[in-house]
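A.B. asks: Listed below are the residues making up each chain.
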Amino acid sequence: MSSIDRISRREFLKRTGQAGGGIVLALSVTTACQPAAETTTPMQTSDGSSIAANVYVNIRDDGIVEIYCHRSEMGQGIRTCLPQVIADELEADWDKVKLIQALGDEKYGSQNTDGSTSIRRQFDMLRKAGASAREMLITAAAGVWQVSVDECVARDHAIHHESSGRSLGYGELVAHAADIEVPEDPVFKSPDDYKYIGKSMDNIDGLAMSTGQANYGIDTTLPNMLYASIERCPVYGGSVKSLDSTAARAVTGVIDVISMPEPTSPPFFNPLGGVAVLASNTWSAQQGRAALEIEWDLGPNAQYDSEKYREELMASCCKEGTSVLNRGDAEAGFVAAESTHSAEYYAPHLAQAPMEPPAATAQMNEDGSCDVWSCTQNPQSVQETVAGVLGIEKEQVHAYVTLLGGGFGRKSKGDFAAEAAWLARATGRPVHVTWTREDDIRHGYYHSVSAQHLKAGMDENGTVTSWLHRSAFPSIGSTFSPDSTGPGGFELGLGLVDNPYAIPNMRLETGDAKAYIRIGWLRSVCNVYHAFAVGSFVDELAHLAGEDPKDYLLALLGPARKIDPAVDGAQYGNYGQSLDTHPIDTGRIAAVLEKVADMAGWGRELAAGHGLGIAVHRSFLTTVGTVAEVSVDDSGKLRVHELWTAIDAGRVINPDRVTAQMEGAGIFGMSLTMYGEITAKNGAVVQGNFDTYPVIRMNEAPTEINVHIMDVDAPPGGVGEPGVPPVAPAIVNAYFAASGNRVRELPLRNAGLS
Amino acid sequence: MAIEININGSAHSLDVDPQMPLLWAIRDLAGLTGTKFGCGKALCGACTVHIDGQPVRSCSYPVSAAVGKQITTIEGLSEDGSHPVQEAWRQLNVPQCGYCQSGQIMTAVALLERNPNPTDADIDTAMSGNICRCGTYTRIRKAIHLAAEGQS
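These protein sequence lines are chains A and B, in that order. If you count the first sequence from 1, position 32 lands on 32 in our numbering, and the numbers rise without skipping. If you count the second sequence from 1, position 73 lands on 73 in our numbering, and the numbers rise without skipping.
Everything hinted at is true.
Straight-line C-alpha distance at most 25 Å; calculated PhoX-like pairs for lysine-lysine: (1) 514(A) / 681(A); (2) 199(A) / 98(A); (3) 394(A) / 107(A); (4) 308(A) / 319(A); (5) 142(B) / 199(A); (6) 41(B) / 681(A).
It should be emphasised that the hints constitute simulated quantities derived from the structure, not laboratory data.
Model the full assembly from the supplied sequences, consistent with the hints where possible.
C.D. replies: This is the structure:
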């Protein structure tokens, strides 16, 4: 947990004469950035005094509690859940909470909204932000009344002295809190007393989102702003050989044509180069861009061909690799086995394809600083990337965070924000960059293509005694290091070395794989393909053994116990958190499996042509089990009728948002199972829009996605991502149950199932 | 050249290329950003507006074709978000990221205007042109049924 003490401070501001708005102490937020609606329209007025208990909480003398949301909202609901936690500990009235979106600033600790981290890593810190403010107000009130703090309680946005019946509202206490020290170690509320935590509060942005008033990265407008569209080399790493912009400049509305800086190798989060057309509106910029005549030097990656690469990757996963976990002696286990079974699984690159493509707006200030508004998952990274591209200090970059029209990992990288900043400086005017859908699909940071080999050895009873799993995929590390030759680091802990099965001999390996396009995070990352392979393979073993897949999985999980992969020599980070607080607990995994099977009526008689499939996977410290019911029609087409999901995420803040994440993960998982595929030919990505990169639509959505949240008294796990991994194996296993056909390659469209 | 169009009951005189898609005229020139860009090829429905009550993909509809017609965007659906479809959306907390929801709501409103009591199959047919990457489809179905009940 990052400490709040480091950044805590007490500050009291004198009246400044600013009417009605209160004072924002912790940071500068201008009216130019109002990324999302406020939660309330306060009726009170402020004379401008307030107290900043810490960087997250500012209490105004009109009683309004301003809470700074330092995390990015991309649909996961953090703008609702974060103030729930703080307001609960603060005993604040929800209607008097005003949410303010924070800029990028390291004083908040990590703002990197990925890895499903916001609650699981910062729950304690957020509680502390609320609790410390509450204790300051209690101390202030006790001082006014000259009583002991023990006689005072916080309730309903006021401090009460019960024995005398006196009370003071939070706004009234601001003037008395000037000299109160920030408590070092505030006492948290008992969970029994929670008012907001654990409650399904409505989406704070629901009104704005249903009326077109919500502001995303694409919606920022500034006076005198230019609209830019950028033509980038179709192959990553290529550059402009020659440019003729005559025709582009002749397009009505086009104002300028500017060459972008050369791309870097490795790519980091830097812009991809190319040529920008700037115009008075988006359409003119796009028309001008289409008229550019560019000859490209395609660079070193022009040979990348997905068909050829697939062969290399399959070969890599089928030969001895690099050992990353060893338990017992897998090879000896296979020799001693009564029977063995092996299989290879393949899954392609994916694009995140958020509905809002990357978009950013930037302007330079006279002092050399730069303001950037973007739909970023990580404003501090935007600060770094923009600073690097402009050659200024990170602190000179003011990174405003709009709402994100989806993120899914793509918007962790601020390349698009840096493009806007570069062009703002080059033109001396504010510049708005909007990527087209084709830009988004063809110039992304792609989910890795992967090939995996699995082998199991069984004794005479059919019990699995030996296990080999070798995974080959180009690493996200290639985005940062030219020397990357394959999987490594944190990637191994995403569904490979954290294997929970009770098998005495186990060997886990990686296979080499070079990257030829930019590789990045996609919702649940390597867990997608690892869960697909492992979840499919155990189902294969169950059917080979003639056993029920759910019972077989329970037996494989073995007795309830806690696993530490380091015991078998693995480097395992447990998503940055302790195994003591967030164990790999096979008992909890089994409980999820049993629950979801029960929900789905596992074992019931099904209609002809229907099948049920089951899978369970722990990722981001949370376990999710999924059952899919599918059918295959006479023409061999697959339909997913219904999904059931059980989730053990420990304590949850907002059950409805957790449910929504599981529903969404079901659809996201279905998209990658049925359709998701990015391929390259001659170094360039082939797909371009939703016609060639289809996703699930309403007519394919299940009739119902049933979600159950396990009631578990444990620290929070992640929620945004863990719903995705079990979906693909559940569907593939259901397809096997319905048809008797096993598919070991995604997407299923390639097997003619859609 | 100046093109006269009517958006949400207000006349706008826009100096634009007649071929400019209505989407960009609405967003960049009229300054109404509730209508979203998602694909530019009428594949995703994020840009859906009503033209004389019919749902249209504004990214693939030239601004000149809207002359003399009534354009309604999400901003024009109600003053305060009180349209039954908007209320149903909030009641069921449909939006996740929210980006596609302007287009989803506009398509749903048009559906209910021609079919006040749609079946699931009717909804699937009408709504399949609108992609939601967050995957809110099952809630959208329920919200349309809820709005239908509220309207009847």
